[in-house]
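**Q** Build the full structure now, drawing on both the sequences and the hints.
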Amino acid sequence: MKDKFIIHYETVGRNVRYFRFLNGWTQAELAHRCSVNAEQISRIENARRDYMHSTLLEVCEALEKSIFEIMQRNDDAELYHLEYVKKKEASKKKKS
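Numbering follows the numbering used here, with no gaps: position 9 of the sequence shown is 9.
Keep in mind that the hints are not guaranteed to be accurate.
Unchecked claim - Listed below are the simulated DSSO-like cross-link pairs for lysine-lysine, each with C-alpha atoms no more than 30 Å apart in a straight line: (1) Lys-87 - Lys-65; (2) Lys-65 - Lys-86; (3) Lys-65 - Lys-94.
If you're looking for bench data, these hints aren't it; they were derived computationally from the structure.
**A** Structure, rendered in structure tokens:
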């Protein structure tokens with residue numbers, strides 16, 4: 001039986017956003033450190049599947065995290081994600 005390698009894009013995105021936040025970087029700053037554009041960072045953070053895995057490896061290097069740390073579920077990142085979503089929804093309500 002072959003081992004299956006499954007990428008949980010939501011977990012990856014949440015971890016990248018969280019570790020970027022811990023470094024105090026914007027998406028543009030992280031993108032610059034990875035020699036990619038901010039749209040590519042946004043794709044990763046928003047769990048889109050249309051980015052190259054080599055880009056993710058560059059992100060890992062910039063964040064000084066292993067691919068395993070980025071792919072592993074992280075309770076702190078999950079909590080940060082919930083707060084992020086709440087703030088985003090509150091911001092949308094204010095604009096309405």
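**Q** Tell me, which hint numbers fail for this structure?
**A** Of the numbered hints, just 3 does not hold.
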